[in-house]
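Got chain G sorted already, so can you dock chain Z onto it with the hints?
There are 2 protein chains.
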Amino acid sequence: MTAITGPRSAHDGRRTAVSRPRVGHIDFLNCLPLFWGLARTGSLLDLDLCRDTPERLSDALVSGELDIGPISVMEYLRHADDLVVLPDIAVGADGPVMSCLLVSKVPLAELDGVPLACTTTSRTSVRLAELLLTDEIGVRPQYFTCPPDLPTMLADAPAAVVIGDAALRASLLEADTLGFEVYDLAEMWRKWTGLPFVFAVFAARRTFLAEHADLVREVHSAFLASRELFLDEIDEVCHKAARWAEFDAATLKRYYLSALDFSLGERQLAGLREFARRVGGVDAGFPPDVRIRLLDTEQAG
Amino acid sequence: MTAITGPRSAHDGRRTAVSRPRVGHIDFLNCLPLFWGLARTGSLLDLDLCRDTPERLSDALVSGELDIGPISVMEYLRHADDLVVLPDIAVGADGPVMSCLLVSKVPLAELDGVPLACTTTSRTSVRLAELLLTDEIGVRPQYFTCPPDLPTMLADAPAAVVIGDAALRASLLEADTLGFEVYDLAEMWRKWTGLPFVFAVFAARRTFLAEHADLVREVHSAFLASRELFLDEIDEVCHKAARWAEFDAATLKRYYLSALDFSLGERQLAGLREFARRVGGVDAGFPPDVRIRLLDTEQAG
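Protein chains in written order, with our numbering: chain G, 67 to 367; chain Z, 67 to 367.
If we strip away everything but chain G, and leave its shape as in the complex, we get:
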């Protein structure tokens, strides 16, 4: 037997290992565009991708277990001092979003004082629903949280807030059989304020940015390139995704192109600031004029 010597003198293959940025990934249809592009470009190799639920990823980013990732807007606003937002990319809607819904068996004006079931899986959507019901409709239901199973939720309450794939299912598949009306929270917000609504941003920890600014910019660029590749290949990806989804390729394409808004420009930022202004305060855990820091994509180092 022979001891392996390896190429050990001049070119000895010796290196200092660098840790890949720890990046969160949500296995929801709304995060598929990013994942598709990261995979297809090979950028996945540059990330230590952690798949988990939105809440756990938000918590992990706040606690420092992740370096970069999606974070729901309420959680982001509460921890805005520790985070920097990646510009030009987010998960939002500039009109109906299809996957963030208030469903109700009675007219909304009749929800005062009655129980309203909220999925435990979205603090931002629940706060948006509460804001709209209180300030626009003028009712104050009794909110309670429960697992995201719509038939169970509606057995215990006349109305519910649901998000994500469960909401898509509710709006497209279940409304007829379960006998409720579907109210799109992003559409309500848009009609009320004239602005897009941002549900989640992608953020990096400021401590990570301070030490790895180039890496953060690189991940940001990979995110943008991934979204572009996704759009280029949207028919293929919808065809492939439809195989495993409850929705056909045409529905998925409509969801990606017409409902979701993956941008974060001036109008989206205005929507984000308007939401902070309306819900901010001591109870929310951030001031109405909370400072939103954007990654400077121009400056080097």
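Treat the hints with caution; some may be incorrect.
Same chains, same names: a pair is fine if it fits in one copy or spans any two.
As the list claims (entries may be wrong) - In silico SDA-like cross-links for lysine to any residue, where the CA-CA straight-line distance does not exceed 25 Å:
#: 1; residue 1: Lys319; residue 2: Cys97
#: 2; residue 1: Lys306; residue 2: Arg117
#: 3; residue 1: Lys319; residue 2: Asp114
#: 4; residue 1: Lys319; residue 2: Arg86
#: 5; residue 1: Lys319; residue 2: Asp362
#: 6; residue 1: Lys306; residue 2: Ala279
#: 7; residue 1: Lys306; residue 2: Val205
#: 8; residue 1: Lys319; residue 2: Val205
#: 9; residue 1: Lys306; residue 2: His278
#: 10; residue 1: Lys171; residue 2: Ala232
#: 11; residue 1: Lys306; residue 2: Leu115
#: 12; residue 1: Lys319; residue 2: Thr107
#: 13; residue 1: Lys319; residue 2: Ser85
#: 14; residue 1: Lys171; residue 2: Phe274
#: 15; residue 1: Lys306; residue 2: Ala291
#: 16; residue 1: Lys319; residue 2: Gly161
#: 17; residue 1: Lys306; residue 2: Leu290
#: 18; residue 1: Lys319; residue 2: Gly331
#: 19; residue 1: Lys306; residue 2: His91
#: 20; residue 1: Lys306; residue 2: Arg283
#: 21; residue 1: Lys171; residue 2: Asp222
#: 22; residue 1: Lys319; residue 2: Leu113
#: 23; residue 1: Lys171; residue 2: Glu340
#: 24; residue 1: Lys306; residue 2: Asp280
#: 25; residue 1: Lys306; residue 2: Glu284
#: 26; residue 1: Lys319; residue 2: Gly108
#: 27; residue 1: Lys171; residue 2: Asp93
#: 28; residue 1: Lys257; residue 2: Gly331
#: 29; residue 1: Lys306; residue 2: Ala336
Derived from the structure by calculation, the hints contain no laboratory data.
Relative to the frame of chain G, chain Z by itself:
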């Protein structure tokens, strides 16, 4: 506000959701070829990929938490009745493997009765080391398991078995400074038996195969296509992987092309059967002539 109606009549987007096959993935350099190809081809979308350690993935496949995945050969042989092996792909070596090592501060003949540290992370490699030391070298060390940190292991014992990236590090980077000889277990096996050694196979649960034969064949085809794409793009992937590894691109390429053997043909199967013949018995948990079932890739359904 408007209730979303969606396209609900003739083409209503309604579908029965199908579960994607749950497939294991190891974040070791030796599984990178598969991951790279699955990502680049977009096949990742067709898998519910679970990243974990080799032991936990082996256990998950045996317990039915996974449908398809890599499994160490010792675990596979113990549960061969419940599993079917995917042909033409495996993780093995037909000569030095660089990443499955016995390291020793004394000549192997002096290891009789002395402590030998084994990483907890590889049952197959430990059994192979024990087989070679007992039957070829004629010594019986006192095996004990410990975490895979080589300096700690060698502080408590004159010799150790290490695998994976830690072994690559040991053979390429640490042998000089820590003062030990490196013995390549796959090379020892090859010289002893004239056969390749197979460390892990990819297997599907027979119960899953019974219900989803087409899916298993499809995943198998995706694995083979991924390996091909990896080989086509090996310079790019080694260049990218080297950024995050302790090894440079040339070393990685040597590891992938010269050390690892990703095939599972007649010679590799003969090596697998020979290993089962030599270690099988009541203690091992499988008979020496254990039946190895291969996925029939020709037959439909």
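Going through the hints against the structure:
1. Lys319 with Cys97: Answer is within: at 14 Å inside a copy they meet the 25 Å cutoff, but 33 Å across does not.
2. Lys306 with Arg117: both (20 Å within a copy, 22 Å between copies)
3. Lys319 with Asp114: Between copies only: 22 Å across, 29 Å inside.
4. Lys319 with Arg86: For Lys319 and Arg86, only the inter-copy Cα distance (20 Å) is at most 25 Å; the intra-copy one is 32 Å.
5. Lys319 with Asp362: neither (32 Å within a copy, 37 Å between copies)
6. Lys306 with Ala279: between (35 Å within a copy, 19 Å between copies)
7. Lys306 with Val205: Intra 43 Å, inter 56 Å, cutoff 25 Å: neither.
8. Lys319 with Val205: neither (36 Å within a copy, 65 Å between copies)
9. Lys306 with His278: between (36 Å within a copy, 18 Å between copies)
10. Lys171 with Ala232: within (17 Å within a copy, 59 Å between copies)
11. Lys306 with Leu115: Answer is both: 22 Å inside a copy and 16 Å across each meet the 25 Å cutoff.
12. Lys319 with Thr107: both (21 Å within a copy, 20 Å between copies)
13. Lys319 with Ser85: Answer is between: at 21 Å across copies they meet the 25 Å cutoff, but 36 Å inside does not.
14. Lys171 with Phe274: Classified as neither; 47 Å inside a copy, 41 Å across copies.
15. Lys306 with Ala291: For Lys306 and Ala291, both the intra-copy (20 Å) and inter-copy (17 Å) Cα distances are at most 25 Å.
16. Lys319 with Gly161: within (16 Å within a copy, 50 Å between copies)
17. Lys306 with Leu290: Both, since 22 Å and 19 Å are each at most 25 Å.
18. Lys319 with Gly331: Within one copy only: 22 Å inside a chain, 43 Å across chains, cut-off 25 Å.
19. Lys306 with His91: Both: 19 Å inside a chain and 21 Å across chains, each within 25 Å.
20. Lys306 with Arg283: Between copies only: 17 Å across chains, 30 Å inside a chain, cut-off 25 Å.
21. Lys171 with Asp222: within (12 Å within a copy, 69 Å between copies)
22. Lys319 with Leu113: This pair counts as between: shortest inter-copy Cα distance 21 Å, intra-copy 27 Å.
23. Lys171 with Glu340: Classified as neither; 30 Å inside a copy, 68 Å across copies.
24. Lys306 with Asp280: So Lys306 and Asp280 pass the 25 Å test across copies only (16 Å; inside, 34 Å).
25. Lys306 with Glu284: This pair counts as between: shortest inter-copy Cα distance 14 Å, intra-copy 28 Å.
26. Lys319 with Gly108: For Lys319 and Gly108, both the intra-copy (24 Å) and inter-copy (17 Å) Cα distances are at most 25 Å.
27. Lys171 with Asp93: neither (30 Å within a copy, 48 Å between copies)
28. Lys257 with Gly331: within (19 Å within a copy, 64 Å between copies)
29. Lys306 with Ala336: Result: close neither inside a copy nor across copies, 35 Å intra and 39 Å inter.
The structure is inconsistent with the numbered hints 5, 7, 8, 14, 23, 27 and 29, although it conforms to all the rest.
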